[in-house]
Amino acid sequence: MDETNEEVEVLIADNPFANMTFDEKLNYVSVIAKPMASEKLTKRLGKLMKKAKRVRMISCGVKDVVKQIVKKNSPGILVIAGDVSPIDTVTHIPLICESHNIPYCYVPSRFDLGSSFSSNLNSLCVFIKPHEEYEALYSKCHDAVDSLPLPIH
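Following UniProt numbering, the numbering of the sequence shown begins with 1 at its first residue and continues without gaps.
Fair warning: there could be bad hints in the mix.
[What the hints assert, rightly or not] PhoX-like, lysine-lysine: derived pairs with alpha carbons at most 20 angstroms apart:
#: 1; residue 1: Lys129; residue 2: Lys72
#: 2; residue 1: Lys140; residue 2: Lys53
#: 3; residue 1: Lys140; residue 2: Lys51
#: 4; residue 1: Lys53; residue 2: Lys43
#: 5; residue 1: Lys50; residue 2: Lys40
#: 6; residue 1: Lys63; residue 2: Lys53
[Stated by the list, open to error] Now the in silico label distances, taken between C-beta atoms and shown as ranges:
#: 7; residue 1: Asp23; residue 2: Asn73; range: 31 to 41 angstroms
#: 8; residue 1: Phe22; residue 2: Ser147; range: 17 to 27 angstroms
#: 9; residue 1: Ser30; residue 2: Gly61; range: 14 to 24 angstroms
#: 10; residue 1: Ala136; residue 2: Ser85; range: 28 to 38 angstroms
#: 11; residue 1: Pro86; residue 2: Ala136; range: 36 to 46 angstroms
#: 12; residue 1: Glu24; residue 2: Lys72; range: 29 to 39 angstroms
#: 13; residue 1: Ser99; residue 2: Asn19; range: 32 to 42 angstroms
#: 14; residue 1: Tyr28; residue 2: Glu133; range: 31 to 41 angstroms
Since the hints were derived computationally from the structure, they do not count as laboratory data.
Just so you know, even glycine gets a beta-carbon here, dropped at the ideal spot from N, CA and C.
Model the full assembly from the supplied sequences, consistent with the hints where possible.
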């Protein structure tokens, strides 16, 4: 089910969020989507996802992400889409991350999250595992996501 670059570009062009600015996308985000990544961090995470996809160190989807964190106890960074509807599908994931000391953040659009790693799907969450090929970018993103203030429970 690998798509060509042309197919991916068409899918991205059909995306209703493709031409919106970062601030416009924030209007569609759920109230509980905190901590929200900045625009710069969102772009940096997108680059990291593309590099992780090349070496197959990325997991996407709620079920696979929970399996990586809980069963396999993998280290990594979790990126969650902020415009998920219904939001109940991902509300348990931050609690799992906090109990396993996994840094996490939200980004404004699930479409951007999917297109960041050339998928035709809109992804709810993506788990990025460390790898020596992109170690410098991973450590920058890990530190930035880890330093985001967590919401008060």
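Going down the list of hints, with the structure as the test:
About 12 angstroms separates the Cα atoms of Lys129 and Lys72, which keeps this hinted pair within 20 angstroms; it holds. Between Lys140 and Lys53 the CA atoms are separated by roughly 18 angstroms; this keeps the pair inside 20 angstroms, and the hint holds. For the hint linking Lys140 to Lys51, the alpha-carbon distance of about 14 angstroms falls within 20 angstroms, and the restraint holds. At roughly 15 angstroms between alpha-carbon atoms, Lys53 and Lys43 fall within 20 angstroms of each other, so this suggested pair holds.
Of the supplied pair hints, the one linking Lys50 and Lys40 holds, its CA atoms being roughly 16 angstroms apart against a limit of 20 angstroms. For the hint linking Lys63 to Lys53, the alpha-carbon distance of about 18 angstroms falls within 20 angstroms, and the restraint holds. Separation of Asp23 from Asn73 is about 37 angstroms and conforms to the stated range, judged on CB atoms against 31 to 41 angstroms. Under the hint 17 to 27 angstroms, the C-beta atoms of Phe22 and Ser147, about 20 angstroms apart, fit the expected range.
Between Ser30 and Gly61 the C-beta distance comes to about 19 angstroms, which sits within the given range of 14 to 24 angstroms. Separated by about 36 angstroms at the C-beta atoms, Ala136 and Ser85 satisfy the suggested range of 28 to 38 angstroms. Checked against the given bound of 36 to 46 angstroms, the beta carbons of Pro86 and Ala136, roughly 38 angstroms apart, stay inside it. Remark: the range hint 29 to 39 angstroms for Glu24 to Lys72 is upheld by a beta-carbon distance near 37 angstroms.
Taken as a hint, the range 32 to 42 angstroms holds for the pair Ser99 and Asn19, whose Cβ atoms sit roughly 39 angstroms apart. A hinted range of 31 to 41 angstroms holds for the C-beta pair Tyr28 and Glu133, which are about 34 angstroms apart.
In terms of the numbered hints stated before, the structure departs from none.
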